[in-house]
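Residue-level listing of the chains:
There are 2 protein chains.
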Amino acid sequence: MSKGKKFKNAALLIIGNEILSGRTQDKNINYLAKQLFSHGISLEEVRIIPDVKSTIIKTVKSLKNNFNYIISTGGIGATHDDITAESISAALKKDYCLNKKALKELEKYYKNKSDLTDARKKMAYMPKGSKIILNKVSGAPGFQIENIYVFAGIPIIVEAMMNEFLKNIKSNTKIYSKSIKTKFFESMIAQKLKNTEIEFTDVRVGSYPIFDGKFRGVEIVMNSYSKKNIDLAFKYLKKELNKKI
Amino acid sequence: MSKGKKFKNAALLIIGNEILSGRTQDKNINYLAKQLFSHGISLEEVRIIPDVKSTIIKTVKSLKNNFNYIISTGGIGATHDDITAESISAALKKDYCLNKKALKELEKYYKNKSDLTDARKKMAYMPKGSKIILNKVSGAPGFQIENIYVFAGIPIIVEAMMNEFLKNIKSNTKIYSKSIKTKFFESMIAQKLKNTEIEFTDVRVGSYPIFDGKFRGVEIVMNSYSKKNIDLAFKYLKKELNKKI
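Protein sequences appear in the order of chains B and D.
Just so you know, we're using this note's numbering here: the first sequence kicks off at 3 and counts up by one.
Just so you know, we're using this note's numbering here: the second sequence kicks off at 3 and counts up by one.
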């Protein structure tokens with residue numbers, strides 16, 4: 003998958019001690035990876051880091067100039083360990099302040115005024131200049147600032163916020179994928195896979211052993227931004243695999 | 003969870019395009035996180051990166067001095083896209099060469115000499131000075147060089163290699179964990195959780211909304227390296243939660 007100028011890339015930043023301690027199985031990475039892939043955005047790095055302000059700041063700074071989009075999940079709730087918005091403000095040297103549109107969303111959600119406690123109002127604080135990302139599930143919005151998109155961590159809310167993200171970025175590129183299953187060992191077909199990548203420089207070829215205690219074969223997966231070339235590469239490799247090994 | 007000198011930390015490095023494209027759901031992170039946690043090693047960062055030599059080199063260099071242990075998974079098979087061993091050699095400025103013990107393991111596994119093709123022999127190449135990590139599932143070993151432990155990517159092999167790792171590192175510390183379920187909203191108990199952390203500086207307190215479309219309550223999780231202090235913190239917080247809110 004050659005990286006031309008027209009293809010955008012992304013990094014995910016998963017913020018949460020509960021994933022690092024093994025307490026919670028992450029459910030967002032695979033969902034977001036698939037969504038990005040099918041919208042032609044190449045996910046090129048994922049980082050999972052703890053709810054530690056200095057770590058969030060350092061990580062945001064190191065990712066922000068290397069990717070078109072940074073999507074973060076987690077740490078935007080109402081409790082003391084929700085420090086994502088504050089940390090991102092610090093990383094970008096922006097004021098951390100009340101966003102009026104975010105507050106309106108909270109007021110809409112908490113119809114009973116006494117439910118909108120000070121602790122909950124914290125969820126309307128974000129870096130100055132942020133655009134809110136609507137949360138159709140539980141009110142409290144995420145936000146976008148520069149190329150950083152900040153989502154909640156709960157999977158059902160991540161899905162709602164990802165839909166908002168995809169509506170806004172309007173990606174027109176698509177990644178095409180084809181796969182071939184074989185009974186050969188990887189080592190027997192390694193050269194043929196390499197040749198396919200040399201022959202078709204914008205096709206990326208991966209091979210994945212199918213293994214359930216015993217070796218069952220290999221799945222070869224080809225990805226490309228070019229429909230024409232993935233079709234040609236597919237035919238080429240099929241033919242190569244049919245030759246005597 | 004205050005980070006005293008006696009507690010070791012770790013980072014995971016997951017190498018694999020198939021996870022970034024969403025094709026494969028990672029199954030190793032949660033398993034490894036739990037194993038590390040229960041052996042008193044604090045997992046403090048996970049990175050998922052593509053099978054790209056320059057990226058692997060850059061990432062290994064940036065992680066290696068910041069953690070006691072780096073565990074990598076993926077990219078040590080027999081095909082053209084298996085470049086982990088070669089890349090780690092380059093990152094550490096070590097020769098990438100045939101490891102005799104690794105070759106012996108392959109010879110034991112591939113009893114029929116003609117099965118041990120040149121492509122498969124590649125799996126015995128590693129950074130000079132590596133110690134092999136036995137693979138009781140499919141022969142080809144992982145390796146350790148400096149503080150980097152290189153595992154295969156297939157979950158069943160990861161488990162076998164993790165067992166070897168744990169045998170070798172002989173960690174004596176243990177992390178204690180206690181949890182409390184409440185019906186309160188996070189925002190209502192935020193201050194009490196914060197106070198618990200202030201009162202018991204070596205206890206880490208996290209709160210996790212239970213949410214299945216509707217809010218069902220909050221699970222509060224406390225972790226500590228001190229059995230005594232986690233018991234005290236648990237009692238303290240229980241009492242606080244029973245006070246009128």
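Do not take every clue at face value.
[Said to hold, decoys possible] Mimicking EDC-like on lysine to aspartate or glutamate, the simulated pairs with C-alpha atoms at most 20 Å apart in a straight line are:
hint : chain 1 : residue 1 : chain 2 : residue 2
1    : B       : K60       : B       : E88
2    : D       : K196      : B       : D120
3    : D       : K55       : B       : E161
4    : D       : K216      : B       : D233
5    : B       : K176      : B       : D214
6    : D       : K196      : B       : E47
7    : B       : K29       : D       : E221
8    : D       : K66       : B       : E88
9    : B       : K138      : D       : D214
10   : B       : K183      : B       : E166
11   : B       : K237      : B       : D214
12   : D       : K29       : B       : D214
13   : D       : K130      : D       : E148
14   : D       : K63       : B       : E88
These are calculated hints, taken from the structure and not from any lab test.
Only a predicted model underlies this, so the values are computations on that prediction, with no experimental measurement involved.
A quick look at each hint next to the structure:
Straight-line distance between C-alpha atoms of K60 of chain B and E88 of chain B comes to about 13 Å, which keeps the hinted pair within the 20 Å bound. Pair hint K196 of chain D plus D120 of chain B holds up; C-alpha atoms about 15 Å apart against a cutoff of 20 Å. Between K55 of chain D and E161 of chain B the alpha-carbon distance is near 33 Å, which puts this suggested pair outside the 20 Å criterion. Of the pairs offered as hints, the one joining K216 of chain D and D233 of chain B is violated, with about 46 Å between alpha carbons and a cut-off of 20 Å exceeded.
The straight-line distance between the Cα atoms of K176 of chain B and D214 of chain B is roughly 32 Å, outside the 20 Å bound, and the hint therefore fails. Using a Cα cut-off of 20 Å, the hinted pair K196 of chain D and E47 of chain B is violated, with the two alpha carbons roughly 33 Å apart. At most 20 Å may separate the alpha-carbon atoms for a hinted pair to count; K29 of chain B and E221 of chain D meet this at roughly 18 Å. Only pairs whose Cα atoms come within 20 Å are accepted, and K66 of chain D paired with E88 of chain B is rejected, the gap being roughly 29 Å.
Between K138 of chain B and D214 of chain D, the direct Cα distance comes to roughly 14 Å. Compliance with the 20 Å bound is thereby established for this hinted pair. Annotation: proposed proximity of K183 of chain B to E166 of chain B is violated, straight-line Cα distance about 36 Å (limit 20 Å). This hinted pair does not check out: K237 of chain B and D214 of chain B have alpha carbons roughly 29 Å apart, beyond 20 Å. Distance check on the hinted pair: K29 of chain D and D214 of chain B sit about 14 Å apart at the alpha-carbon level, within 20 Å; holds.
Restraint check: the Cα-Cα separation between K130 of chain D and E148 of chain D comes to about 11 Å, which is no more than 20 Å; the hinted pair holds. Restraint check for K63 of chain D and E88 of chain B: the C-alpha separation of about 29 Å exceeds 20 Å, so the hint is violated.
Checked against the numbered hints given earlier, this structure breaks hints 3, 4, 5, 6, 8, 10, 11, 14; the rest are met.
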